[in-house]
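**Student:** Work out the full structure: start from the sequences and follow the hints.
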Amino acid sequence: MRKAGGARVEGEVVTGAGPARVAAAGRAPVAGSGAPVGTGPKTVGEQGLDARLIVGRGDFRLDVALAAAPGEVIALLGPNGAGKTTALRALAGLLPLTGGHLRLDGASLEHTPPESRPVGVVFQDYLLFPHLSALDNVAFGPRCRGAGKAEARAQAAAWLEHMGLAGHAGTKPRRLSGGQAQRVALARALATRPRLLLLDEPLAALDARTRLEVRARLRRHLAEFEAVAVLVTHDPLDAMVLADRLVVVEHGHVVQQGTPAEIARRPRTDYIARLVGLNLYRGQAGGHTVRLDAGPSVTTTEDLSGPVFVAFPPAAVTLFRDRPTGASARNLWRCEVAGLETHGDQIRADLTGELPLAADLTTVAAAELGLHPGASVWATVKATQTHAYPA
Amino acid sequence: MTAPGRYGAAAGPRTDGPRRRRARGAPLPLLVPGVAALVFLLLPLLALLVRAPWGSLPDQLTSVEVWQALRLSLVTATAATGVSLVLGVPLAWLLARTDFPGRGVVRALVTLPLVLPPVVGGVALLLALGRNGVVGRWLDAWFGITLPFTTAGVVIAEAFVAMPFLVISVEGTLRAADPRFEEAATTLGASRFTAFRRVTLPLIAPGVAAGAVLAWARALGEFGATITFAGNFPGRTRTMPLAVYLALQNDPEAAVSLSLVLLAVSIAVLAGLRDRWLTGT
Numbered sequence: 001m002r003k004a005g006g007a008r009v010e011g012e013v014v015t016g017a018g019p020a021r022v023a024a025a026g027r028a029p030v031a032g033s034g035a036p037v038g039t040g041p042k043t044v045g046e047q048g049l050d051a052r053l054i055v056g057r058g059d060f061r062l063d064v065a066l067a068a069a070p071g072e073v074i075a076l077l078g079p080n081g082a083g084k085t086t087a088l089r090a091l092a093g094l095l096p097l098t099g100g101h102l103r104l105d106g107a108s109l110e111h112t113p114p115e116s117r118p119v120g121v122v123f124q125d126y127l128l129f130p131h132l133s134a135l136d137n138v139a140f141g142p143r144c145r146g147a148g149k150a151e152a153r154a155q156a157a158a159w160l161e162h163m164g165l166a167g168h169a170g171t172k173p174r175r176l177s178g179g180q181a182q183r184v185a186l187a188r189a190l191a192t193r194p195r196l197l198l199l200d201e202p203l204a205a206l207d208a209r210t211r212l213e214v215r216a217r218l219r220r221h222l223a224e225f226e227a228v229a230v231l232v233t234h235d236p237l238d239a240m241v242l243a244d245r246l247v248v249v250e251h252g253h254v255v256q257q258g259t260p261a262e263i264a265r266r267p268r269t270d271y272i273a274r275l276v277g278l279n280l281y282r283g284q285a286g287g288h289t290v291r292l293d294a295g296p297s298v299t300t301t302e303d304l305s306g307p308v309f310v311a312f313p314p315a316a317v318t319l320f321r322d323r324p325t326g327a328s329a330r331n332l333w334r335c336e337v338a339g340l341e342t343h344g345d346q347i348r349a350d351l352t353g354e355l356p357l358a359a360d361l362t363t364v365a366a367a368e369l370g371l372h373p374g375a376s377v378w379a380t381v382k383a384t385q386t387h388a389y390p391a
Numbered sequence: 001m002t003a004p005g006r007y008g009a010a011a012g013p014r015t016d017g018p019r020r021r022r023a024r025g026a027p028l029p030l031l032v033p034g035v036a037a038l039v040f041l042l043l044p045l046l047a048l049l050v051r052a053p054w055g056s057l058p059d060q061l062t063s064v065e066v067w068q069a070l071r072l073s074l075v076t077a078t079a080a081t082g083v084s085l086v087l088g089v090p091l092a093w094l095l096a097r098t099d100f101p102g103r104g105v106v107r108a109l110v111t112l113p114l115v116l117p118p119v120v121g122g123v124a125l126l127l128a129l130g131r132n133g134v135v136g137r138w139l140d141a142w143f144g145i146t147l148p149f150t151t152a153g154v155v156i157a158e159a160f161v162a163m164p165f166l167v168i169s170v171e172g173t174l175r176a177a178d179p180r181f182e183e184a185a186t187t188l189g190a191s192r193f194t195a196f197r198r199v200t201l202p203l204i205a206p207g208v209a210a211g212a213v214l215a216w217a218r219a220l221g222e223f224g225a226t227i228t229f230a231g232n233f234p235g236r237t238r239t240m241p242l243a244v245y246l247a248l249q250n251d252p253e254a255a256v257s258l259s260l261v262l263l264a265v266s267i268a269v270l271a272g273l274r275d276r277w278l279t280g281t
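Going line by line, the protein sequences match chains A and B.
Number 384 in my numbering belongs to position 384 of the first sequence; there are no gaps in the numbering.
Number 273 in my numbering belongs to position 273 of the second sequence; there are no gaps in the numbering.
Each statement offered as a hint is correct.
Some but not every residue of chain B turned toward chain A, in silico, with C-beta under 10 Å:
(1) Arg180
(2) Phe181
(3) Ala184
(4) Ala185
(5) Gly189
(6) Ala190
(7) Ser191
(8) Arg192
(9) Ala195
(10) Pro202
(11) Leu203
(12) Ala205
Think of the hints as simulated: they come from the structure by calculation, not from any bench.
Each residue gets a CB set at the ideal place from its N, CA and C atoms; glycine is no exception.
**Tutor:** So this is what it looks like as structure tokens:
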């Protein structure tokens, strides 16, 4: 099989234009996106990813539907153990599906072994082959897909140059910095010209300082990638910066999806609310009043009826030691401080009582109120600062 | 990666002191048998050096018989190591990377030749591959191949005894190696075999080399299975250990000389593995 592949490439001298085209496509993403070089039929309606991934393992069951158009970047966001990595491995073919389907550019891949899928993976800790130089790491894919040695190396060199790593071609992975290793891993995955690029926690292995720069770089590379990219992360910032659309997974199921702005504005689970930093409650709306499942009512500006979510930021909460007299009695709850922690330059108070909520206040305010765990406080929120939306 | 190194360097001088003090204060019930064990292990080797016929050594070692035996030993041990590599590495991979029913039993059976008395191994080989053996009968009848009492028989006897060392060593290295590198190779388009050949094998090369050296040393010293299965024919199956044993009956001085050669080879092997075993851990 390898022999046949090698022979094919030798005959196909045109592939020599490969690296140039690779680099060109990279630099001019718009031009490149018009001519996908992938496999499968070119029916426009079927381009991209269409998957329902069902994987059962013991008592854990993953059931996630994913769809994406070429050029789109999707982030699978969720807590540890939600099944994100399982979904990624299933897409790559490293884990068999127990049900559902997986179509990429119209071609069914459920029974295609990983080595035959047009899928590239950037692993969490990159998994660069330690015995190979950066160049040979990147050339590995093209070699396996049938390119001759010189041809594969030429392609790899073009990719490294594109990633700004031309000077590190001969470097062994252990001598690369975290950010460089990540770029080599990305180049290695892209060098096979995948129609689906998977990134598993692409920034998790980096320290905070390099993270910012690497994130910006990765965003650029993902933006110019012409096929579907799916990245897995538990970091909401990474997800929101890198992805066009977020798919939030909890306990093996999609709990919410949408653009980063939608998700940040209208969280639908406690997990997402915590990620985007909002107090979130479920309740029944009747006009401007929402009776929360947690007990008390909240007055909102929205006029809704039926089951709704109510969200407001911790910074919108005002705390008083004594019951405020002048204020209206609406959106006023008696709470107890359960815990205090610094949150940036603010103090975040964790409150229990009538309505459990998080409140942010300045250090000065916290000191003036004499807050300490166990202290009882009154919390209020203006109706204009709440946001209610149908559940 | 640099962190443990730095830690080690910093911890080095600190732990050295207490360790030396502890050695000085070692309780007698441990110190005496410990030193006795050391003497016990080294004394025979010293005796070998003391009683070596240094004067006649050049003559002894240049005799045709010695060279014949030494060459045969080196050739057969190397061949047995080759057989062990070609068959043993795949077996180690199967044991480490696949899951099949009864794997535990297979693993135990693989290690059996490690503990089996080599003579028993030789007898078993005779029963399997001998002229009237379970398989040997057909080899003889169909292909005219006779293995016992041939040089090939020596290789088989040595490989039988030595291969488990290699398998166990390589399997351990494979288990310690990250299987996700193979997965990464797979996502790049490599078949499982290509992934093994181009990624896993280079990664476990040190373990394979150590296993091969171990197997080679074991094969070089093989006596029981060889003499049982392959006999003792000069130039054909008389390897160094057999020559030593024979010489001891007729010409003890020659036996000592031959033993010295084997000792030298063993020390060379140990020196080759120095980095791995003596300074490691």
